[in-house]
Amino acid sequence: MNDVSPHKPRLSRAHLLELLRQMLRVRRFEERCVELYTQEKIRGFLHVYIGEEAVGTGVMHGLGPEDAVVSTYREHGHALLNRIPMDRVMAEMYGKVTGCSRGRGGSMHLFDARARFFGGNAIVGGGLPLAVGLALADKLAGRSRVTACFFGDGAAAEGAFHESLNLAALWQLPVLFVCENNLYAMGTALRLAHAQTELTRKAEALGVPAESVDGMDVVAVEAAGARLRQALRAGQGPRFLECRTYRFRAHSMFDPELYRDRAEVEAWKERDPIPRLAAWMQRSGLLHEGEREALEGEIAGELEQAVAEAEAAEWEPEASLLDHVYRAPPTWSPPPPAAETEPLDLSFREAFRLGLIEALEHDERVFLMGEDIGHYGGCYAVSRGLLERFGPERIRDTPLSENGFTGAGIGAALGEARPIVEIMTVNFSLLAMDQIVNSAATLLHMSGGEFGVPLVIRMATGAGRQVAAQHSHSLEHWYAHVPGLKVLAPGTLQDARYMLWAALQDPNPVLIFEHVMLYNREGRLEPLPQGVDIRHAAIRRPGRDLSLITYGGSLPKTLEAAEALAGEGIEAEVVDLRVLRPLDTSTLLESLGRTHRAVIVDEGWKTGSLAGEIAAILAEQAFWSLDAPIERVCTDEIPIPYPRHLENAALPQVEDILAAARRVMGAGP
Numbered sequence: 001m002n003d004v005s006p007h008k009p010r011l012s013r014a015h016l017l018e019l020l021r022q023m024l025r026v027r028r029f030e031e032r033c034v035e036l037y038t039q040e041k042i043r044g045f046l047h048v049y050i051g052e053e054a055v056g057t058g059v060m061h062g063l064g065p066e067d068a069v070v071s072t073y074r075e076h077g078h079a080l081l082n083r084i085p086m087d088r089v090m091a092e093m094y095g096k097v098t099g100c101s102r103g104r105g106g107s108m109h110l111f112d113a114r115a116r117f118f119g120g121n122a123i124v125g126g127g128l129p130l131a132v133g134l135a136l137a138d139k140l141a142g143r144s145r146v147t148a149c150f151f152g153d154g155a156a157a158e159g160a161f162h163e164s165l166n167l168a169a170l171w172q173l174p175v176l177f178v179c180e181n182n183l184y185a186m187g188t189a190l191r192l193a194h195a196q197t198e199l200t201r202k203a204e205a206l207g208v209p210a211e212s213v214d215g216m217d218v219v220a221v222e223a224a225g226a227r228l229r230q231a232l233r234a235g236q237g238p239r240f241l242e243c244r245t246y247r248f249r250a251h252s253m254f255d256p257e258l259y260r261d262r263a264e265v266e267a268w269k270e271r272d273p274i275p276r277l278a279a280w281m282q283r284s285g286l287l288h289e290g291e292r293e294a295l296e297g298e299i300a301g302e303l304e305q306a307v308a309e310a311e312a313a314e315w316e317p318e319a320s321l322l323d324h325v326y327r328a329p330p331t332w333s334p335p336p337p338a339a340e341t342e343p344l345d346l347s348f349r350e351a352f353r354l355g356l357i358e359a360l361e362h363d364e365r366v367f368l369m370g371e372d373i374g375h376y377g378g379c380y381a382v383s384r385g386l387l388e389r390f391g392p393e394r395i396r397d398t399p400l401s402e403n404g405f406t407g408a409g410i411g412a413a414l415g416e417a418r419p420i421v422e423i424m425t426v427n428f429s430l431l432a433m434d435q436i437v438n439s440a441a442t443l444l445h446m447s448g449g450e451f452g453v454p455l456v457i458r459m460a461t462g463a464g465r466q467v468a469a470q471h472s473h474s475l476e477h478w479y480a481h482v483p484g485l486k487v488l489a490p491g492t493l494q495d496a497r498y499m500l501w502a503a504l505q506d507p508n509p510v511l512i513f514e515h516v517m518l519y520n521r522e523g524r525l526e527p528l529p530q531g532v533d534i535r536h537a538a539i540r541r542p543g544r545d546l547s548l549i550t551y552g553g554s555l556p557k558t559l560e561a562a563e564a565l566a567g568e569g570i571e572a573e574v575v576d577l578r579v580l581r582p583l584d585t586s587t588l589l590e591s592l593g594r595t596h597r598a599v600i601v602d603e604g605w606k607t608g609s610l611a612g613e614i615a616a617i618l619a620e621q622a623f624w625s626l627d628a629p630i631e632r633v634c635t636d637e638i639p640i641p642y643p644r645h646l647e648n649a650a651l652p653q654v655e656d657i658l659a660a661a662r663r664v665m666g667a668g669p
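At position 68 of the sequence shown the residue is numbered 68 (full-length UniProt numbering), and the sequence of numbers has no breaks.
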């Protein structure tokens, strides 16, 4: 920074002093955090921003209060720069209840809803899809905002990077992607991890205009950021800014830093952005004697006060341990606004479609997105005709990028939209599990209640169509394992028709698993003007001798078995779980209290199954009510075969349920 080059603005002395103050403030905060870490006041992973302050300062300085920020695990600087007060950040570093995330997030997860700071993210590249979704919500609502998304060079190798930039370019979203290229992802150098080390070319290949800037020059960064924000606010689509920078400290405080030469570090320190700006200002007569010392004194006072307040702050009491896992649903949920008044003869496919139409017609915030849901009409034809009826903004075809568009759905929910994300089949959800488990399920908790994720994800599940092992999974129990998610499995026409509306009224992420063998099944839909209660299991057939417990695609088989048992004089009660998380244990225990015997039918594999969890609950809480051992009817422990006879042999069938029921009835008193 020997002079102000033509591409840099001519800045006032007051503005330059403010840039210097902001960088110094971040630097001193980070240095103090290192000290506190060595004193074991701060724990976990600590990634400091020392050396990279010019990037955050230059980019953040021009953002407005309505603009959003999505960050990385090295986010303290971003949080401090005109976003979150230092005392709240420091308290969060300590894990105290006065922290910006109530102590639940720690160093890597700083959040603030008022500041529209959507947090750091411990998953490399995990914030990029969220930024896309936030910008999508703004565009759908007609708001003129920018979302700034910070990430490191390591993230440019992740699938989330490519998926997110592609979506942002495809939909022309106002996202400023800021790559803080410090040459090392963790310990592996950029040149060893990327075949194409010019990261701007990666962005350009995805349709995102890109430029690179000296990230150790705060004036250059600010000028570039201003240019790109202007394009964003003009509706010209996303922009990519690579800032070539360097972290002077190790990747984290756990890092022995054996991978880079000390001479390299010292050479980069010669370009330290703070003395670089200060020296240029002095030479130019813009930094007067004693002004830097005054800034340092002001910052030291603020820092000492923040540390003192963090030391004195309370820990969150253990009594509140289970807070911020779910947001409480409204005590009264409005009934479906377009409930049928007369019975209808229809298929499950048509019932699911009616639910989608109702949601789209009666809530302008709702939109549907997923693979082939628009022009193709959906893999299972559930969304056929919706594109023509509601248009491409609300019936939004996506690329084949499950992690990207699911994360975008999460971001859109954070941005006050009500997205319905369709993942074509449950096996494809494995590509989106990062966003479902690491973002949707955890954001409310990590943010100390700041950010809920009111999102619905639909997906087809189950076997029976001769599509072999990779398309025949029943993995809903995996998601039912995860706190923070709600998991539903409709098994009746009424649930297929009305469950979606109830899920959209819930302020939490809700996953709906639609069994593939139900789509073509037809029946009579009885009107349910009050809607369905997605808090409780349902007794589908009362009985006194035996409880048959099941859900989803296994419900018709179980009801058929119950009718056959009635012909043998055995009155079986059929319990439809329909809510897999949180389980309605009260209904299960009440049923077992009447029948004293149980058979659990679950299309998942027996090992680690939901059936095993239910059996454990019944054994723990109702052991003395049992008159016989609990039986489980599950899929054989093999990948599902292709031939029809082998597939049928592997899956639970009516005869398997009958055999288990007879064994239970023949055991005990």
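By construction, these hints were calculated from the structure, which means they are not laboratory data.
Where is the CB? At the ideal position from N, CA and C, for every residue including glycine.
Certain hints may be false.
Unchecked claim - 16 Å max Cα-Cα, derived EDC-like pairs, lysine to aspartate or glutamate: (1) Lys41 to Glu364; (2) Lys96 to Glu318; (3) Lys606 to Glu568; (4) Lys606 to Asp636; (5) Lys41 to Glu393; (6) Lys139 to Asp323; (7) Lys139 to Glu314; (8) Lys96 to Glu393; (9) Lys96 to Glu314; (10) Lys41 to Glu318; (11) Lys41 to Glu309; (12) Lys139 to Glu311; (13) Lys96 to Glu18.
What the hints assert, rightly or not - So the derived label-pair ranges between C-beta atoms look like this: (14) Arg143 to Glu311: 19 to 29 Å; (15) Ala308 to Ala338: 57 to 67 Å; (16) Leu646 to His481: 56 to 66 Å.
Problem set entry | Unmet hints by their number, sorted upward, for this structure | 1, 3, 5, 6, 7, 8, 10, 12, 13, 14 and 16
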